[in-house]
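Asks: Quick mapping for you: the protein sequence lines, in order, are chains W and P. Our numbering numbers the first residue of the first sequence as 1 and each following residue consecutively. Our numbering numbers the first residue of the second sequence as 115 and each following residue consecutively.
Since the hints were made in silico from the structure, they are not lab data. Since the structure is predicted, the reported quantities are computational estimates derived from the model, not experimental observations. Where hints are given, some of them may not hold.
[Claimed, not checked] Computed cross-link-like contacts, DSS-like style, restricted to lysine-lysine with a CA-CA straight-line distance of at most 25 angstroms:
id, chain 1, residue 1, chain 2, residue 2
1, W, Lys-101, P, Lys-155
2, W, Lys-101, P, Lys-150
3, W, Lys-22, W, Lys-49
4, P, Lys-136, W, Lys-101
5, W, Lys-22, P, Lys-154
6, P, Lys-133, W, Lys-49
7, P, Lys-155, W, Lys-49
8, P, Lys-155, W, Lys-22
9, W, Lys-77, P, Lys-154
10, P, Lys-136, W, Lys-113
11, P, Lys-154, W, Lys-101
12, P, Lys-136, W, Lys-22
13, W, Lys-77, P, Lys-136
14, W, Lys-49, P, Lys-154
[Claimed, not checked] Examples of chain P residues lying across from chain W (beta carbon under 7 angstroms, computed):
id, residue
15, Gly-142
16, Ala-153
17, Leu-157
18, Pro-175
19, Phe-178
20, Glu-218
Using N, Cα and C, we set each Cβ at its ideal position, and we do this for glycine too.
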Amino acid sequence: AQSVAQPEDQVNVAEGNPLTVKCTYSVSGNPYLFWYVQYPNRGLQFLLKYITGDNLVKGSYGFEAEFNKSQTSFHLKKPSALVSDSALYFCAVRANTGGFKTIFGAGTRLFVKA
Amino acid sequence: ETGVTQTPRHLVMGMTNKKSLKCEQHLGHNAMYWYKQSAKKPLELMFVYNFKEQTENNSVPSRFSPECPNSSHLFLHLHTLQPEDSALYLCASSQGGSLADTGELFFGEGSRLTVL
Numbered sequence: 001a002q003s004v005a006q007p008e009d010q011v012n013v014a015e016g017n018p019l020t021v022k023c024t025y026s027v028s029g030n031p032y033l034f035w036y037v038q039y040p041n042r043g044l045q046f047l048l049k050y051i052t053g054d055n056l057v058k059g060s061y062g063f064e065a066e067f068n069k070s071q072t073s074f075h076l077k078k079p080s081a082l083v084s085d086s087a088l089y090f091c092a093v094r095a096n097t098g099g100f101k102t103i104f105g106a107g108t109r110l111f112v113k114a
Numbered sequence: 115e116t117g118v119t120q121t122p123r124h125l126v127m128g129m130t131n132k133k134s135l136k137c138e139q140h141l142g143h144n145a146m147y148w149y150k151q152s153a154k155k156p157l158e159l160m161f162v163y164n165f166k167e168q169t170e171n172n173s174v175p176s177r178f179s180p181e182c183p184n185s186s187h188l189f190l191h192l193h194t195l196q197p198e199d200s201a202l203y204l205c206a207s208s209q210g211g212s213l214a215d216t217g218e219l220f221f222g223e224g225s226r227l228t229v230l
């Protein structure tokens, strides 16, 4: 069975500081991994994905994520946080064996203080 | 504008009402999804359709009835719901097809449902 864990309900960071939002996953076979962001009263927006290849993937708005197979992790990072990055972030996983079952974590709320 | 439009954005209904949520995508995708988002819980996958055929039903109660008449439209028919069904219902689409779909989802802005 697939599952995603986001161990932090909330992450607080000062503007200009680096940020990390953690994600670990469980899936049979090799994973497709995703990060999405949700702003208030909006749907989810795709940020980045790992399919294969380089473990460090870059996405929208300066975000990046590192795939670590041995630790089954896919942490989201940004070198310098902006106040406008404050939002709800979701990690998601899909098995690459076909099918369309994308499973999401519970989300991590990011607060960036000026 | 994500290319996925959901209506209505807000819906209040009694437990004996029948209503429907509508989703339309203008992205040329072939797979469509319903997710339920409740506070402080992971998004719950409800249904998936690929080329109008249902490929996933995640043990959803029968009071939720999906309909996918074509690859661009998806409905969620609601009947005799419970207050705990109050949530944000999100529609999404992806390329679909077969292995070419690497899974990136495009979401609508959601329909906020309140069951009294």
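Asks: Each of the hints needs a verdict: does it hold here or not?
Replies: Results of checking the hints against the structure:
1. W:Lys-101 x P:Lys-155: Holds - the C-alpha atoms of Lys-155 of chain P and Lys-101 of chain W are around 17 angstroms apart, at most 25 angstroms.
2. W:Lys-101 x P:Lys-150: Status holds; Cα separation ~14 angstroms.
3. W:Lys-22 x W:Lys-49: 15 angstroms, holds
4. P:Lys-136 x W:Lys-101: Given pair Lys-136 of chain P, Lys-101 of chain W holds - Cα atoms ~21 angstroms apart, limit 25 angstroms.
5. W:Lys-22 x P:Lys-154: At roughly 16 angstroms apart (the allowed maximum being 25 angstroms), Lys-154 of chain P and Lys-22 of chain W satisfy the hint.
6. P:Lys-133 x W:Lys-49: Violated, at roughly 36 angstroms.
7. P:Lys-155 x W:Lys-49: 22 angstroms, holds
8. P:Lys-155 x W:Lys-22: Holds. Lys-155 of chain P to Lys-22 of chain W sits at ~17 angstroms (cutoff 25 angstroms).
9. W:Lys-77 x P:Lys-154: Holds. Lys-77 of chain W to Lys-154 of chain P sits at ~22 angstroms (cutoff 25 angstroms).
10. P:Lys-136 x W:Lys-113: 38 angstroms, violated
11. P:Lys-154 x W:Lys-101: 21 angstroms, holds
12. P:Lys-136 x W:Lys-22: Violated: Lys-136 of chain P and Lys-22 of chain W sit about 34 angstroms apart, past 25 angstroms.
13. W:Lys-77 x P:Lys-136: It is violated: about 35 angstroms lies between the C-alpha atoms, which goes past 25 angstroms.
14. W:Lys-49 x P:Lys-154: 23 angstroms, holds
15. Gly-142: Nearest chain W Cβ about 17 angstroms off; hint violated.
16. Ala-153: Violated, because the Cβ-Cβ distance from Ala-153 of chain P to chain W comes to roughly 10 angstroms (cut-off 7 angstroms).
17. Leu-157: 4 angstroms, holds
18. Pro-175: Not OK, violated: Pro-175 of chain P not within 7 angstroms of chain W, min 19 angstroms.
19. Phe-178: At 18 angstroms from the nearest chain W Cβ, Phe-178 of chain P fails the 7 angstroms test, so the hint is violated.
20. Glu-218: Holds. Min distance 5 angstroms.
When held up to the earlier numbered hints, the structure conflicts with 6, 10, 12, 13, 15, 16, 18 and 19 and fits the remainder.
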